[in-house]
Every structure is written in structure tokens, then in C-alpha cells.
Amino acid sequence: MADILVVDDDRDLAAALAEVLEDAGHTVRVAHDGWGGLAALDERLPDLVLLDIEMPSLDGPGMAHQMFVLDVGRDKIPILLVSAFVGLPAVARRIGTPYSAPKPCGLDRLLRIVDRALLEKKPPEPRFNEPSAGPP
Amino acid sequence: VTRASLRGLVVAVVVLFAGTTALVVLLSRAASVLASTDEVIANRAGPNIVALQTIRADVQQQHALVDEWVLGAPGDSAVRRARIDALRREAAQSRHDYLSLPPTWFPETPRMDALRREATRSREEYLSLERAPGDASPRAALMDSLDHFDSVVDRFRALPPGDGADTSGALYELDAAVGQVGGNLARATDFWADVANAASRDALGVSRTLLPSAILLGIVSAAAAVGTILLTFRSVRQAEALAETSRRALERKAEELEAFAGRVAHDLLSPLMTVGLGLDLAQRRAAAFGEPRASNAIARASATLQRVRAFVSDLLEFARSGAKPLPGTHASVDGVVRDVAEEFEPIAQEAHVELRVESVTDRDVRCSPGVLTSLVSNLVENAVKYLVSSEMRRVVVRALDLGKEVRVEVEDTGPGIAPSDQERLFDPFVRGPGASAPAIGLGLATVRRLAEAHGGHAGVQSEPGHGAVFWFSIPSVA
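So the protein lines, in turn, are chains G and P. Residue 1 is where the first sequence starts when you use the working numbering, and the numbers rise one by one after that. Residue 1 is where the second sequence starts when you use the working numbering, and the numbers rise one by one after that.
What the hints contain is simulated information worked out from the structure, not anything from laboratory work. Some hints here could point you the wrong way.
[Stated by the list, open to error] Partial list, computed: chain G residues near chain P (C-beta under 8 angstroms):
1) 12
2) 22
3) 23
4) 86
5) 107
[As the list claims (entries may be wrong)] The following residues of chain P were derived to be distant from chain G, with all beta-carbon distances above 10 angstroms:
6) 132
7) 148
8) 276
9) 289
C-beta atoms are modelled at their ideal positions from N, C-alpha and C, and glycine is treated no differently.
Isolated chain P, as found in the complex:
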């Protein structure tokens, strides 16, 4: 089940990644097309069209001014209409008649000069704009027609002031020039309008083809994302369930092991007592009947039996050490530490070890006095036992109040422990280097199991050659 859901998870993540990537590629392509369209319209077609419109306006203004010169001011509409009417009436007559009307010849040369300057500026501006392939021919035609228009206007300006100048030919020519300019302007404007249209069509095409794909990809990616979340959730749940199952199995195993070890140890103790009583009785009788050789043999057997008893006691204690404490149990650290120190004093003296108790907190801890006694005496016994080969022999016991827990430390002046051995020492059936005292290596394992079963920890700090500090911690009573 887990493998299948993992496979599903991988597929969903791959789809999500591919979908998102494709979506990003599509969107960036659309964005680049839109950007180039924008560039064509905004930077090229747009300004060109605007410039052409300016030129058209310039030409129209000049044309209007010339018309004004010839036909009268626009404000003088009655006069102008009368002249136009007269023109129409006298259409049959030669234009000479019409043009022989009283002249007011070129009264506004400064205004024409200004218009010219503006026109020159707009042309220069148009010529400075970005070009496009195919733009050269309409542009050249427009410039030619503008030059021609200028020369026609110049001809008007060159006419001598005074009445009766013949302007009819020039007016026709001006109209023709304006018409030419208009046509060329239209061609140039059309060219740029076509460019803008084409770009817009491209953009539209791109968005029409890309949009459905983008929507589809978005849906696929969203589905993959939802799938990923669901599958991840399911996998986490499965992993949790698996961990819980394995934790329960481990707990059950530990309980079975404890029950088994406890049963075995217990069933060994009764027969051991029978043997012990038998040996003690035999020892007494051998002594009473004066049989020293038998007495020696019995003494050896008794010593061996003592060791076996110690082993079985260790096993029994280890088997029991994983049990959780009953709620409400507590023990006085001060009382237990001093009791243990007192109990070990004769043994320490015998081994020439100075056993000292330092700074003991008056807090209570959450375990039974028996458990605390077992913890402290295991560490003190170890320390005294392994000091035998050292020159300086001192063991210091202290209990520190760390707030939420009490830490009991047993410091010795022994040979210390190599870092590689420090963790291993707390495994069952592991004995310290050069250990000679009778034991099966359960002391520290029991300490750690007891401490952890009560919500605490156990460990060692040591540098080879500088002694060791074995410690355990137990939660304190609030």
C-alpha cells in the first residue's frame, strides 16, 4: 500500500512539475509576443502615424494661409462668400478677372515663416523615427511632394505685391501639390496602420491558440497539486500508523521480555536459597567436626553461589527497570543519597576510596525510593569498583536541582573512558575495560532503563586519564 501510494505521489509531483513548467513556458511566449506587438505599435507605427498627422496639419495650415492670402481672411466670411460666389458666377470668365480683385498681398509673412519652421521640425522628427522595411518608397514620395509643395508656396511668396498679379496658375498648382501631399500622407499612414494591424493580428492569434492550452495546463497542474497534497497526507498518515504499530509491537516485546526475565530470575532465586542454606549448614557442620578441607571447598562453593546470586539479582532488577512508575510516587533525593553513601562507606574504606557527598538538593523526584536507591547505588558501586587500579581514589556524589529535573552525578578519579566506549557502556551485558569484579554488565543498562522509564536520562562525561562523571536525571516533584 505504501509503495503504491509513494509511486502515485511521485507521478503527481512529476505531473505538477511538468504542468507548471509548460505553463510558465507558454505564458512567457505569450508575454514575449505581446511585448513585441506592443513595441511595434507603441514605438514604430504609433509615432510614425502621429508624425504624419502633424505633417498633414502643417501642410493644411500653410494651404489655408495661402488661400487666406488669395481669398481673404476667414473671419471676413461675407466678403469671402461674396468672392467665392463671384468666382462661381464668373466661372465662365477667365480666372484673371477673379484674380484681379483688389489684392492684399502676403500681409502675414512672419506667420508663414513660423509655419515653415514648424513644418521643418515635424519633417525632421518624422525622418528621425524608426523605419521599417517597405517604408522607404512612401517616405521618399512624401518628401518629394512636400518639397514640391514648399516650392509652390515659395512661388506665392515671390509674387510681387500689388494688384492684378496673376495667381490663377499658381493656385491650381498649389491645389495639385496639396493633393499630392495628401495622397502620399495617406499612403505612408496606411503603411504604418498595416504594420500595427499585422502586429495586433499576431498577438490575437497567439492569445487565441495559447489560452486554451494555458487553461488546460492550469487545470492539470491544479489537479496534480491537489493529488500531491492528498497523497502526501495519506503517506504521512500511513507512516504514522506504521510507527504506532511498530511502537506498540516494541512495547509488547519489551513487556514480554520483562515478564520472561522476571519469571526466570524469580524461579532461580528459590533453588539458589536451597543451595545456599545447604552450603551454610554443611559449612557449620564441617567447622563443628573440624574438617578444614571440606570447609574450604564449601567456602569456594558459597563464594561462587554469591556471584550467581548477584547475577540473578542484576537480571531481575534489569527486567523490572523498564516498568513505568505508579502515579504519585516520589522520593527524597537527599535522604536516598545519604543512605546509599552510608551503606557504601565500609566498602569504600575497604577499597581505600574516599567517598564524599557534596551539595545535595532537597527536592523530591518522581520515582519510588527503591528506584532512586537502585540508581544511585549502581553508579556509586561502579565508581568504587573501577577505582581499585587508580592511584588517587575519590568518589564524589552530588545532586543538582535543574528546575524541571534533578541531576545526580557520581564523579570518580578513575582512568576515564574513551569517547568510543561511552555510549556502548549503557548497553546490556557490556563491561568496562579491564573489569575484574564479578558482574554481568547490567548496572549501567539498568540505570539508563530506570531513568528513561521515569522520564529522565542517563549518561557519562569523561576524558581518558581525567576520571569520569556518570549521571542520571529524574523529573522533580513540582
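Just chain G, same shape as in the assembly:
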């Protein structure tokens, strides 16, 4: 089973996601903003990051950018964007990840996307020069 990092500022949702994923047999760590997520990456590299977009201090795209810029190893980790943000498809394109789930998303659908991401393991291919559609 896989090692998964959940980064979401909604603590209840982060806990629910962790429980669902643990129930499916994965090892799960939780962080509540981009910096927390980066600290967890320092500890050890997971197989998949579930990433919210709108978060305080460092948001999802900001954390993805740091993963790409700071450490060569971290840029290979697939990212699954989980967000209610209106421009979710545009942000996914900018980060370059094929995996995204709009909130709210049911358990079955979420697990299907997680399984696909773990199977394919496509790393993000960021296009930071594309016009911004994400939050500042």
C-alpha cells in the first residue's frame, strides 16, 4: 500500500480523507498548509500528495512550485488536486497534473482517482508561464 500526504486547511476534511485512505489500506500523514506540507516532505517523500488549492500562508500552487524548485526528488511526486475552487481545471493545467477532484467528491470516485494516480505515477509538468487562473 502507498504512503500518502494530505494537505488541506479544512481540518475535518483532512481527517475524513485520512480515515478514508487509511481504511483503504494506505499510510497517511496530514498537513494544514503549504509550509506544513513541505515540512512533511522533508521528513520523507510520499507516493502521492492530495493538495487543496486555497490555503492560508502557502497555498496549493505555491507548495507545488516549491516542490518543483527546491528539490529534484520532490518534483517526481504525483499531485492530486482536491478543491472547490472555480478554476480547478486551469490550476491543474498550470501545475501540470492530470489528477484533480472537485469538492465535493464521493468516496468511490475519490478512491478511483487515487488508485489511478498511484498506478500511473505521472509527475506534474508545471507551466508556470501560463496565464494565472489560480489564487494570488
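Go by the hints and put chain P onto chain G.
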């Protein structure tokens, strides 16, 4: 400010109206005075004076002819002068001597007859002219003197031809008669000249008193007209500024509302997902531990949550529907319509509805594929949803190329919509009659807002009992 300028405008218009009216009254009065003056001079005094002059000429001609008879032809001036000189020389002598000069008595009776006829005609003409009070006495005197003149001339004509007839008394009498006629002619002419003068004086007086008033009124009216134009211009500008301000305020309100609704909807979606995941997890565990009652309760909660999710999604979509499209966005009508039809096919089958796509244009329209999908699926979903109670269940989707825009129609065989309800249906939170499906009545409001934000329109054509055609239009890509 607006009220004050409106008051000014009303005052200016009233002044303009009053000034113009007074000017018209003044001018028409002046015109009527001038017309009556003209009538007096042209129709009365003028012809009378002309007729009197004609009579004078007639009398003078007859007088001259008689003189000619007595004194010799005017062409024979030497003879005539000699006779006159002789007359003067022999003044002391009796006129008998002078008049006993060789006579050539009345050789030209036909000419006198002609003169008489002319004279009669001119008198008749004079008598037929319009009269004026005070004209009777000079006229009667003139006629009497003319009759007397005629009788004197007749006396000359009655004198026997031949030498030595005594004409001296008759000549005196002729002179006297001519003098009388001349005096009476002068009196009659004076009378009519006075009439003409008086009329002219009236006209002059009227124009002297009216002209300054007319000029003043003209200036006032012109000032009022300029004021009216300026004030109207200012009022229009003010109204435009007001409309612009209110339009901006409305736009700002709409933006605030969109931002607020979007924020609320977004902040609801995250917790909903937590609840949904919790319920799904609980459902799995209940099923795994064989607890059907718990499983049922969780299933009910999940169904309710689905409805809440649908409401929040509708709200979010409605909040976003007023946003203007980014320049350059376009979508293929054909692709989107067929995708939506495919997506709804299973739902339609489940509801025993025949979903058919007819004549779809291959034009692109100026909106994103997501917006077009939302527009089409809202209408198709509505049509399928409200067909459930109908016997015949068919939904036809077509997209027509109207040149500058593409019109997408969704026709159903449902119960139709009463005319009074047709417009109301597009207001937010209004639901169709007898609606039972879970929704909060934002579908058609979203369609209209989306279409209008993209420069199009949305509406419905329906007759109760004969189904309905819901449509929207979006500008097409050139």
C-alpha cells in the same frame, strides 16, 4: 439639481409659448390693420380718385372742343392767337364784335357725340363705385354741376349754324359751368384723398406702436428658446449621468452578490465533502458489519446530502453565470450538444423519454465549452424532469444558425406553460407548476444570466397543452 433644472425648463417653455403666441397675435393684428388700409386705398379711394380724374378729363375735352368751335382749331395757332389778340384789343368793344367773326359752326358733331358717350360711361362707372359715408353730398353736387355743364354744351350745339350767332353769353356760362365742375371734382377728390390719408395714418400708427412690442417679444421668445435648448441639453446630460451612476451601482451590486454567493457556495462545498466521505465510510462499515437499519438511515442521509450538494452547485453556477466571457473564447455547438445528449441518454431512458438531436449547425459560438454545456444541459435536464407526468415523452434538441447568432432550442411534449408564467419562470427561485424534482429554481435563471452575459438571450414559446420550446441564443464566431 434635477428638479430645479426641470422647473427652469418648464418656465422657459411657458415663456417661449406665451411669447410666440403674443407675437402671433400682434402680427395678425398688424396684418389685419394693414389689410383694411389696403382695402380702403385700393378698393375705394383709389378707384374713386381715378374715376374723378377721368370725369375731369372728359369735361376738359368737351370744354376744349367747344372752345375750338368758337375760337378755331388748336392747330391753327396763328389764327387763334390773332383772334385772341383781337379779342384783347377789342376788349372794350362788345363781345358781339368778336363773336361776329366768321363762324365755322359745329363742324365736328360726331366727335362731340363720342365725347358725350365717353363722359356718360365714366360717370356711370364713378356712380357704380363703392361709396363711403360723407361722400353723398360732394357726389350729388358734382352730378348736378355735370348735368348743368351738359345743358350748356347742348345750348352751343343747338345754336343755328351761320355767321353772327351770339355766343358770348353762352361762353361765359360754359366757363362758369366748367369752373363749377372743377370745384366739385376737387371736393370729391379731396374727400377720397382724406379717406386714403386717414387709413394710411392708422396703418402707420399701428406699425409704430406694434413694432417695438413685436421686437421685444421676439427677443424674449428667442431667449426662451435658447434657454429651453440649454436646459434640455443639461437635463439630458444629467439623466445620462444618473443612468450611468445607477448602472455602475447595479454592476457593483451584481459583482458583490456574485462574489458573496460564490464565497458562500465554495465554503459550503468543503464541509459537504467531509460529511459525504463520513457517510460513505459509515455506509461501508455498516454494510460490512451487517447492520441494515443503520445502513438505511445512512442511505437517507446520503440522499439528502445529494440534494444539498445539488442546491449548492446550482447556487454556485448561478453566482458565476453573470461573469463576462474572456475575449477569444469559443465553443463548438455541435460537439457540446451531442455530448450533453449522450450524457443525458441514460437518464432519459430511465424516465422513458425519447431524447433526439435534430439539425445542429456546425458554427462555433462566443462562449466557453463549459458555459455552453451548462446552458444546454440545464434546458435538457428541465425538459426531461418535467415530462415525467406526460403521456407522450419526447425531447428534441436543435441548434439553428441565424447568421449573427446561434439559437439552441429544446422542445418538449410536456404540459406547456401558461402565458402568465412564461416570463416568471426565468426569475431566480421560481419553480414550474407541480415541480416535484429536487431543485431550488435556479436552472432557467442561470440560463438567462449566462446567455445575457455572453450577449445573447433566452426565452420560451409555449401554448398550454402543446408542449414548450425553451431556447437561448449566443453570438456566433464570424
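Taking the hints in turn, this is what the structure says about them:
1. Hint status for residue 12/G: holds, given a least beta-carbon distance of 5 angstroms to chain P, under 8 angstroms.
2. A hinted interface residue such as residue 22/G counts as satisfied when its beta carbon comes closer than 8 angstroms to some beta carbon of chain P; here the least separation is about 10 angstroms, so the hint is violated.
3. The interface hint given for residue 23/G holds, since its Cβ lies 6 angstroms from the closest Cβ of chain P, which is under the 8 angstroms cut-off.
4. Taken as an interface hint, residue 86/G checks out: its beta carbon lies about 6 angstroms from the nearest beta carbon of chain P, inside 8 angstroms.
5. Because the beta carbon of residue 107/G sits about 3 angstroms from the nearest beta carbon in chain P, less than 8 angstroms, this interface hint is met.
6. The Cβ of residue 132/P sits about 101 angstroms from the closest Cβ of chain G, beyond the 10 angstroms cut-off, so the non-interface label holds.
7. The beta carbon of residue 148/P sits about 124 angstroms from the closest Cβ of chain G, which is more than 10 angstroms, so the claim that it is off the interface holds.
8. For residue 276/P, the non-interface assignment is contradicted: its Cβ lies about 5 angstroms from the closest Cβ of chain G, within the 10 angstroms cut-off.
9. The beta carbon of residue 289/P is kept farther than 10 angstroms from every beta carbon of chain G, the shortest such distance being approximately 13 angstroms.
In this structure, the earlier hints numbered 2, 8 are contradicted, and the remaining ones agree with it.
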